[in-house]
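> Residue numbers for the sequence shown follow the UniProt record's numbering, so the first one is 1 and each next one is one higher.
Keep in mind the hints are simulated off the structure, nothing from the lab.
Hints are supplied without guarantee of correctness; some may be wrong.
[To be verified] Below, a list of computed lysine-lysine pairs in the DSBU-like style, where the Cα atoms sit at most 35 Å apart:
id, residue 1, residue 2
1, Lys300, Lys243
2, Lys338, Lys597
3, Lys301, Lys267
4, Lys267, Lys355
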Amino acid sequence: MPESIESPFPGSGPNSEGRIVTTDLRGEMSRSYLEYAMSVIVGRALPDARDGLKPVHRRILYAMYELGLTAERPFRKCARVVGEVLGKYHPHGESAVYDALVRMAQDFSMRAPLIDGHGNFGSVDNDPPAAMRYTESRLQALSTSALLEDIESETVDFLPTFDGSQQEPTVLPARIPQLLLNGSSGIAVGMATNIPPHNLSELIAGLDALIGDPQLSDQQLLQMIPGPDFPTGGQILGRRGIKETYRSGRGSIPVRGVATVETLHAKGRPDRDAVIITELPYQVNKAALIERIAELVNEKKLEGIADIRDESDREGMRIVIELRRDAYGQVVLNNLFKLTPLQANFSTNMVALVKGEPRLLSLRQLLETFLVFRIETVERRTRHLLHKAEERDHLLQGFLMALKDLDEVIRLIRAAADTSAARSQLEERLGLSSQQSEAILQMQLRRLTALEADKIRLEHEDLLAKITDYRHILAHRERVSVIIRTELHQLGPRFATERRTVILDAEGDLEDIDLIANERSVVLLTSGGYLKRMPVREFVATNLGTRGKAGTRSERTEQVRLFISCSDHDTLLLFSDRGLVYALPAYKVPIASRTAKGSPIVQLLPISREEDITSLLALSDFSEDRHLLMLTQAGFIKRTPLRA
C-alpha cells in the first residue's frame, strides 16, 4: 500500500497549510481500533480489582455521596442522581447510568446491594423498573461504611473529570473485597469477565486467615471460602468447578434451583403430587422458566405435568407444577433439571483490571491484590491523619507559648499599628511561625481563661500521643495488618448475612436412569432371539376364570423361551450357552406391545447369532457380599462375586 494518497479535492493536498496529514490506512485503523478497545476495557466493561467497581458504578456512588444521600438521609429522585452523574462525571446516555443504578439496588442481582431503592426497581421476572422520575434512592449503610468511609482522607488519587471542571476518584477506598462480594460481569473487546458473588463473613474469614499466614495453602483457603453465595440462593452441585475456578480463575460451576415434590391437599378435590420450586439459579428469569416449561409440555418433550402456576408473593418464591396422577414426581423433577434452566452451569472468568491492565486472577490473587491496596489506603490515611495532627499541634504549641507570657502578647498587639505589624512583632519576640502568629491573632478572648488554657494543654498532650501512634503505625507493617483485621471484624457483625446457596457434594450430571420411572415390568425372550419389555400393568388379574392375555404372538416359530419380572432400574444379567454373562439395564430393553415381536437381541448385545441365551437374572444392586453360583451340565460348580 502506498505511504500517502493524493486527495481528489482541490486545495487539499499535502501542502495545504498542513491541515491534512497523509497516513497509512492500515496503521491508522490498527491504532484507532486499539484505542477504542482499551477505552472499552479500562473505561467501561471491566471492574477494578481493588474496589470491584466499573467507572459508571464508581461515579454513581461518589455522586450520591457528594449529594449527601447516605443511609440516614431521606430518599432523593433517581433522576436527580442520574443528572448529577451525567453532568459532572459520566458523559454517556442516561439509560446506561440508570440501568447501572437500578442493578446496584436489586437484591436478586447483588449479594449485598450498594443502593437502597424506593419504588419499582424491577423483578426476577425481568420486569422493567419504573422511570427514574418515579423511583427514589440513597446509599446503603454498607456503601458509606465499607467503600466511601475514608474518601476524604487522601487515601486515593483523584483525576479531573471529562471537562476538567471537577475531580473524581480513580478508585474507592474499599474496606472489603467488593469484587468478590457482589461479583461482576461484562463484555469487552476480545475478552469478558464473569465473577460470582460470595458471602461477606466467609470473605472476612479468608482475608483474616491470609493476613495471619500469607503462605496459607489453597485447601485451607477453600475451607474459609467454600464457594460462591448467590443472592437468589439455590444449590451448587459438587466442588470440582469451584476448585478449578479458584485455582485458575476460569471454570464452570453447576448450579440448580431448589425444588421438592410435595402432596397438595385441597378441599373438594383429590390429593395430587406437585413439584414446588422455591429458589432459582442465579440470573435465571422466572417468567422465562415458566414459559419454557409450558413449551416443553406442549411439544410433548416433558410429560407428567397437568398444570403450572406462579404463587410467588412478597413472602418468597413459589412455583407450583401439578403432576398427573400417573406421573412420578422425582422423574418429572429430574427432567426439569435436564431440559430447563432450573439447572445450569455458571461459567466463571475472573478477569479484572490490575494497574490498568486486564488480568485473569485466581481467588488468592484477587485477595492479595485487595490486601496490597488496603495496606496502601491505611498507610495513606495514617499519613493524612499524622499531617493534620502535626498541623494542629503546631498551632497549639503557639497558643501555649503565648499563654506563658500573655501580658507581653497583649502589649505587643495593642502597640502594633496594624495586623501585619502585630504578626511580625509576635514572630520576632516569641519565635512563632507565621501560622502560629496568625492563629493567635484570630484567637477569641474567651480562650484566655484558665479553663480554656487547660483544654489547650490536654489537647496538646492528646495530639502528641496520636502523633507518636501514627508514626509507629507507619514504621511497623504489623500494626497496619492489625488495623485491617480490626476494621474487617467491625464490618462483619453489621453487614454479614447467612449463606444462601447450599453446596452439595454430589455432582450434577443426570444419567438416563434419572429420567426414567422405576416401574415394574416383564422382560420376555422368544425362541427366535427377540427381546422386549412390557409394563406389569398390561397384565391385570380379573378373577373371572377367563383365558387371560397373551404375552406375544401365538406363532409356532415365536415362542417365549425366558421371561422375568423386574424393575426398570434393575440390571439384567443374560447367561449364554458359551459361559458368558452380558449385563443390560432393564430400561434399555425397548418397550413393546403384547402382540409385537420385540427387538433382535443381537441389536442390544454384542452376541453372535449362533449364541443362545439360557437364563435371565435381574439385580437391583451389586454389593460386595453377593455372588453368582453357576452349575454346568458337565457337573462343575463355580461361585463368582457380582462385582467381578
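> Determine for every hint whether it applies to the structure shown.
Hint check:
A hinted pair counts as satisfied when its Cα atoms are at most 35 Å apart, and Lys300 with Lys243 does not qualify at roughly 39 Å. As the CA atoms of Lys338 and Lys597 are separated by approximately 33 Å, the hinted pair is consistent with the 35 Å bound. For a cut-off of 35 Å, the pair hint linking Lys301 to Lys267 stands: about 32 Å separates their Cα positions. A C-alpha spacing of about 66 Å is found between Lys267 and Lys355, which places the hinted pair above 35 Å, so the restraint is violated.
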